[in-house]
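*Asks:* Below, each chain spelled out in residue letters.
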Amino acid sequence: MCAKVLVVDDSGTMRKIVIRALNAAGFGDTVEAGDGAEALTVFQSSQIGLVMTDWNMPNRSGIELTRDIRALGSKVPIFMITTEAEKARVVEAIQAGITDYLTKPFTQDDLKAKLEKYTKA
Amino acid sequence: MKVELLNPFLDATTSVFRTMLSCELSRGQPTLKRNHSPEYEVSGLIGLTGKCQGMVVISLGRDTAIKAAEILLDERPDSLNKDVIDAVGELANMIAGAAKAQLVQFELSVGLPSVICGKNHSIGFPSNSTPILLPFDSEIGPVCVEVGFAENVPEN
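Taken in order, these protein sequences are the chains called G and W. Mind the numbering: the first sequence is residues 13 to 133 in this note's numbering, read in order. Mind the numbering: the second sequence is residues -15 to 140 in this note's numbering, read in order.
Everything hinted at is true.
Computed spacing ranges between beta-carbons, pair by pair:
#, chain 1, residue 1, chain 2, residue 2, range
1, W, Glu91, G, Glu128, 27 to 37 Å
2, W, Ser111, G, Leu84, 45 to 55 Å
3, G, Glu104, W, Arg11, 29 to 39 Å
4, W, Ser21, G, Tyr130, 42 to 52 Å
5, W, Glu135, G, Ala125, 35 to 45 Å
6, G, Val43, W, Arg11, 40 to 50 Å
7, W, Glu8, G, Glu128, 24 to 34 Å
8, W, Thr33, G, Gly61, 34 to 44 Å
9, G, Thr119, W, Arg11, 18 to 28 Å
These are computed hints drawn from the structure, not numbers from a lab. Predicted model only: the values in this text are computed from it and were never measured. Built from N, CA and C at the ideal position, the CB exists for glycine as well.
All chains, full assembly: derive it from the sequences and hints.
*Replies:* What follows is the structure in structure tokens.
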């Protein structure tokens, strides 16, 4: 299991949903951020083993955060959890450096399956 | 308003409630909306721009909003508080996003959600739009989704 999971979303509701799913999947050590700028600060000051981020946020988007993290030379897994579902957007996110993608709405089982794929990899 | 713009919002609302709230919605008859007052006292609204411009509003009663937040948060809010407001905003966000995915031809962008609470509030749709009211019923209470797009929608 990874050290710490950074959960990034401007919605506190969605952060709680994701953290609950992470806890259920055995990822008990989590830290939150409400936008991409805050997330980058947290990322740079903590040992983050996995990033779960929304796309559309004020004050730096999830795509920008992904590019920032990759520009630091980090290979940490980044999951995009977002309403953006069109193929072109998924391609854009992959090109930015995400590891996996989950579209909203999603069930806890959907997220758990993604996490299991990552932990078994 | 073209039906091709409407159906994705019907589908998206049903999908979001089923997936995130484990709640089945039963659809009522869509009607034209002829005033600025949402049906209920909590409104989550979100704008859409691109090849056409519009707005979607999810309207819930106070108790329904609290119940929806309780299901999402796995804890019951004790009032119509910031957690409930955030939850309604996220529902609006997911409905708009899921509908947008079925409207690729309009190259829509979804804005950030806003939530308005209070009886007798008004919401103005784009001036050259005729919003459609989509009523639903559910085990957590009635819900309305209002969708309005400006009338200069391009042929796709």
